[in-house]
Amino acid sequence: MGVSEKQNLTEIGIMRNQSIVTKITASVCGIVSVLLIIGGSVLLKFEINLVKTFMNEHLEKINQTIDDREKEELSSLRQNVRFNTEILCKTGAIYLLNWDTEHLKNSLLRPYMNYAEILAIKVSDGAGEPFAAAWKTVAEVIVADAFPDTLSLNKNLSFQLDSIYDGEKVGSFQVFYSNTMLTKKIEKVKNDALWESETFHKDSRVRLNRAILTQIIGILIILLVMIICLIIFLRVLVLRPLDMVSAIALRLADFDLTVTTDTERKDEIGMLLSAINKMILEFRKIISEVKTDGKRLADASAQMTENISIVASASEEISVNAHSVSETAAHLSQNINIVAVAIEEMSGSVNTVGNIAEGGSNIAQNAVVMAGKAEKTMTSLGEAAIRISEVTEMIRQIAERTTLLALNADIEAASAGNAGRGFAVVANEIREFARQSTRAAEDIAGRISLMQENSAQAVAVIGDVSGIISNMNSSSEQISFALEKQMKTVDDIASNVLEADTRANGIAASVAQLAQGANEVSMNVGMAARGKESEERDGDASIRYMDSSAAEVARLAGELLELVEKFKVDV
28 MGVSEKQNLT EIGIMRNQSI VTKITASVCG IVSVLLIIGG SVLLKFEINL VKTFMNEHLE
88 KINQTIDDRE KEELSSLRQN VRFNTEILCK TGAIYLLNWD TEHLKNSLLR PYMNYAEILA
148 IKVSDGAGEP FAAAWKTVAE VIVADAFPDT LSLNKNLSFQ LDSIYDGEKV GSFQVFYSNT
208 MLTKKIEKVK NDALWESETF HKDSRVRLNR AILTQIIGIL IILLVMIICL IIFLRVLVLR
268 PLDMVSAIAL RLADFDLTVT TDTERKDEIG MLLSAINKMI LEFRKIISEV KTDGKRLADA
328 SAQMTENISI VASASEEISV NAHSVSETAA HLSQNINIVA VAIEEMSGSV NTVGNIAEGG
388 SNIAQNAVVM AGKAEKTMTS LGEAAIRISE VTEMIRQIAE RTTLLALNAD IEAASAGNAG
448 RGFAVVANEI REFARQSTRA AEDIAGRISL MQENSAQAVA VIGDVSGIIS NMNSSSEQIS
508 FALEKQMKTV DDIASNVLEA DTRANGIAAS VAQLAQGANE VSMNVGMAAR GKESEERDGD
568 ASIRYMDSSA AEVARLAGEL LELVEKFKVD V
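Each number in the numbering used here comes from the position in the sequence shown (counting from 1) with 27 added on.
No lab work stands behind these hints: they were computed from the structure.
Where a beta carbon is used, it is the ideal one built from N, C-alpha and C, also for glycine.
Among the hints, erroneous ones may be present.
[Said to hold, decoys possible] FRET-style restraints, in silico, Cβ to Cβ: (1) 294 to 326: 40 to 50 Å; (2) 320 to 57: 51 to 61 Å; (3) 218 to 251: 41 to 51 Å; (4) 462 to 442: 15 to 25 Å; (5) 167 to 107: 19 to 29 Å; (6) 251 to 306: 35 to 45 Å; (7) 277 to 55: 26 to 36 Å.
Work out the full structure, taking the sequences as your base and the hints as a guide.
Structure (structure tokens):
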């Protein structure tokens, strides 16, 4: 086994010996520390990269700004030189026109050479030949008719414009300029910006380091506060209930079942304490019952020997009573045979009555069917009478309309005079026929109404008869059902009587065997009551086994009482 493995085992053993609060606190702090270290490392790397990115972007923006400014300065320089060249062209045109070289050199070219950006000025006449020139050296400004051959100038840094007078070209001016000062100025600006950027970068790193240190201190403070709060909460929420459970367990280990665990907690600790309380109550109940039963067993084992003599005398009485019971059982068997014969006769009579009741039930069912048919017939008759009443009503309405028609005919005949007499006779005949039809319809309606009343009464009577027959049929069915049930009961009684007869005979035989066994028990019990001397003389194995069993039971009862007395169950 290596050194690292031994160290791991030692650390595990140390952790096992610590409290639960220490284990939980150490585990949580370890996990939180690892998470904080990982998170802090990631955050630190992110912040450093963020600062670097910000610095690079800031430096790029500064360089871009400087480059833009350089371009603007160069453009401004070129515009300024071009503007001065245009002024020279306009101002020097008169000198070129008059060929006044000296005034051009001293009055115009020399003052312009005072500009720091201008290096040299070349003046040509209308034919392009040198007319005048001016340039700078390290010590002074020189003016002449043309540039010397040793003078080196950059044509890319120059502007050449024609001098125009009254629309004619009289010459040209070429101004050479330098951007060295501008480049130095831009370089100085870049150096200053770089220095400021480096200073800002250093300040940012210092601030970042301070922020990181502040974060580390804050994390350590939070971790410390969390550890303290965790220890306090664990002691209050876990350690105290566990101490209570531990104290209860120690009292239970000392066989103390009087401890109680009343708690109002609803969490896992509360459930554990409730379960322990329930277990204690059950153990207390079991131990109390075992203690009570042990005492009863000890008392019973102590009285076993005394009860043997009582059993002996009781066995003799059993033997005497067994003979009496045997004679009574034989007499009972004879009486049962007589009852069986009487029950068979009653069963035959009940079967006859059942057949008669079944015939009456069939007749009642047929009567119910016939009454139902009669009721349907009377109902159909009533419906036909209703239809006839409807036809009679229609005839009466036709007669009324015919009467109105005859009345109209009389009115028309009266208005027609002699020509309408024949029509009046016909109208009278029609009116008379309408009256006869009305009387006939009313007579038929009266007869139909009487027939409907009679039909309704007949239907009611048939319904009553059908109800009576239904009740008779129901009574017949109940009688038939009761007789069937009675027949079944009689059959059950007959079978039970036969079985009772068989068992009575068996009882008689068993009682005889019981009498013989009681005699044997009486003899063995008597031998046990006479003590060990009788055992040694007779050498009966069963008596010796009974005596040794009684002694063993007494010993076990004493050990059981001694064991349960260790438990405290009285609160």
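Structure-based check of all given hints:
Take residue 294 and residue 326: their Cβ atoms lie about 48 Å apart, and the range 40 to 50 Å holds. Checked against the given bound of 51 to 61 Å, the beta carbons of residue 320 and residue 57, roughly 56 Å apart, stay inside it. Separated by about 49 Å at the C-beta atoms, residue 218 and residue 251 satisfy the suggested range of 41 to 51 Å. Against the hinted window of 15 to 25 Å, the Cβ-Cβ separation of residue 462 and residue 442 comes to about 24 Å, which satisfies the hint.
Restraint check, residue 167 to residue 107: a C-beta distance of roughly 24 Å satisfies the suggested window 19 to 29 Å. Taking the beta carbon of each, residue 251 and residue 306 are about 42 Å apart, inside 35 to 45 Å as hinted. Distance hint for residue 277 and residue 55: a CB-CB separation of about 29 Å, consistent with the stated range 26 to 36 Å.
No hint from the list above goes unmet by this structure.
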